[in-house]
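Mind docking chain S on chain Z? Use the hints.
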Amino acid sequence: MARDMSDKEILKMELEQLKKEVSTPRTPVSTNCAETIAFVEGLLPNDPLIKGVSDDKNPYKGDKGGCVIT
Amino acid sequence: MRSPPIPEMATQEVQLNETLAHLKTESDTLKTKLEEERAKLHDVELHQVAEKVEALGQFVMKTRRTLKGHGNKVLCMDWCKDKRRIVSSSQDGKVIVWDAFTTNKEHAVTMPCTWVMACAYAPSGCAVACGGLDNKCSVYPLSLDKNENLAAKKKSVAMHTNYLSACCFTNSDMQILTSSGDGTCALWDVESGQLLQSFHGHAADVLCLDLAPSETANTFVSGGCDKKANVWDMRSGQCIQSFETHESDINSVRYYPSGDAFASGSDDATCRLYDLRADREVAIYSKESIIFGVSSVDFSLSGRLLFGGYNDYTINVWDVLKGTRVSILFGHENRVSTLRVSPDGTAFCTGSWDHTLRIWA
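Note that the protein sequences, when read in sequence, are chains Z and S. Just so it is clear: in the first sequence, position 15 is 15 by UniProt numbering, and no numbers are missing. Just so it is clear: in the second sequence, position 8 is 8 by UniProt numbering, and no numbers are missing.
These aren't lab readings, by the way, just hints derived from the structure by calculation. Treat each hint with caution, since some may be false.
As the list claims (entries may be wrong) - Below, simulated BS3-like cross-link-like pairs (lysine-lysine); rule was C-alpha separation at most 30 angstroms, straight line: (1) K40/S with K19/Z; (2) K19/Z with K83/S; (3) K83/S with K31/S; (4) K94/S with K81/S; (5) K57/Z with K68/S; (6) K51/Z with K227/S; (7) K12/Z with K24/S; (8) K20/Z with K33/S; (9) K61/Z with K73/S; (10) K19/Z with K227/S; (11) K154/S with K94/S; (12) K62/S with K61/Z; (13) K81/S with K61/Z; (14) K12/Z with K227/S; (15) K51/Z with K40/S.
The shape of chain Z in the complex, shown without the other chains (with noise of 0.2 angstroms):
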């Protein structure tokens, strides 16, 4: 556990850590960030706290009953 490891052997647990990552399989932001865009807009039509919801469709939007006061 973490609490109960002395500071040397954290070290030794980052360094492990970190030659493994310098390898990591790397893309370009910018065709990550395209495909994330085109991921964004095809889901935007239907996203409900976008586009809104009918009334009569929306469990939230009909009143209970009874006022709040705040």
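Same frame as chain Z, but now just chain S:
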């Protein structure tokens, strides 16, 4: 036995310090190399690529329901897959299951400890898991019989050596993933309570975790007090990617709906987006006027909006692609401690230190 002469002890100590210094230098060299490799692919910023994207319109999001019943700070909540039930846990030791449409309480359990920091709904909707200062994660099957004492059927699943900070069922009711103040995450079999895999790599308390959305992906991300967000392979227990750009504790991590990125919220008052394929941070959501920490983050269905619950009692809504804030929501009278969007994306729920939960839509 003669005690060792002083010069020898001094040499040993010098050797130890040299090893520590040597390790630190090697570590720093590798970190620099890692940054260089990542920078090579940093050819553009997300918001630059998103300049051509249509701007979002005005938002009208209000509190539609207020769930009252907890006697103290609400610390965690989770939605049921049926999109209407919610489980919440509080500092007072109570775990409550609500119907968000009607605000009725369906079940209530009193835990033997206070500060129940984590709770989760099972995918089947038939059980809830929770834990906190008891260092355990327990599963309670939900009974249809209102008179049945839920506490009697409790099953202790996880055992850590420090507080439980987060828990999450995997794709079935059979396995639970936990994170703890003891610096580790762990995967458990619910039926037997057996530890299936443990995940070591954080240098301090782990505060949050999130499972990758796809049924086939076997990864999860965790965030901790060591300012790191780690992505793990669930089968091997290995940390496959690690990100350290936050300046303080990471309180919340959430996968992007596509599974190719994740967001984090931190005590440094920023939310950040990390792209897993580019292996780097691609956006920071911050403003000079926002100085309080972020406790929890979640995405809207399409991934266009990022909701952040803050310690200054507000919710900030960010345009993920453009990097700008689109809305700020008021209502809670104390810190927002937890925030989750409903499974079908029609609403989101927040829990607060003001003892209430609110449903926004």
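Here is what the structure says about each hint:
1. K40/S with K19/Z: It holds: about 18 angstroms lies between the C-alpha atoms, which stays within 30 angstroms.
2. K19/Z with K83/S: violated, 43 angstroms
3. K83/S with K31/S: violated, 43 angstroms
4. K94/S with K81/S: Measuring from Cα to Cα gives roughly 22 angstroms; hence the hint holds.
5. K57/Z with K68/S: Cα-Cα ~25 angstroms, so holds.
6. K51/Z with K227/S: At roughly 35 angstroms apart (the allowed maximum being 30 angstroms), K227/S and K51/Z break the hint.
7. K12/Z with K24/S: Holds - the C-alpha atoms of K24/S and K12/Z are around 9 angstroms apart, at most 30 angstroms.
8. K20/Z with K33/S: With Cα atoms ~12 angstroms apart, K20/Z and K33/S stay inside 30 angstroms; holds.
9. K61/Z with K73/S: Cα-Cα ~27 angstroms, so holds.
10. K19/Z with K227/S: Holds, at roughly 19 angstroms.
11. K154/S with K94/S: This hinted pair holds, its Cα atoms lying about 14 angstroms apart.
12. K62/S with K61/Z: The hint holds at about 10 angstroms.
13. K81/S with K61/Z: holds, 21 angstroms
14. K12/Z with K227/S: holds, 18 angstroms
15. K51/Z with K40/S: Cα-Cα ~38 angstroms, so violated.
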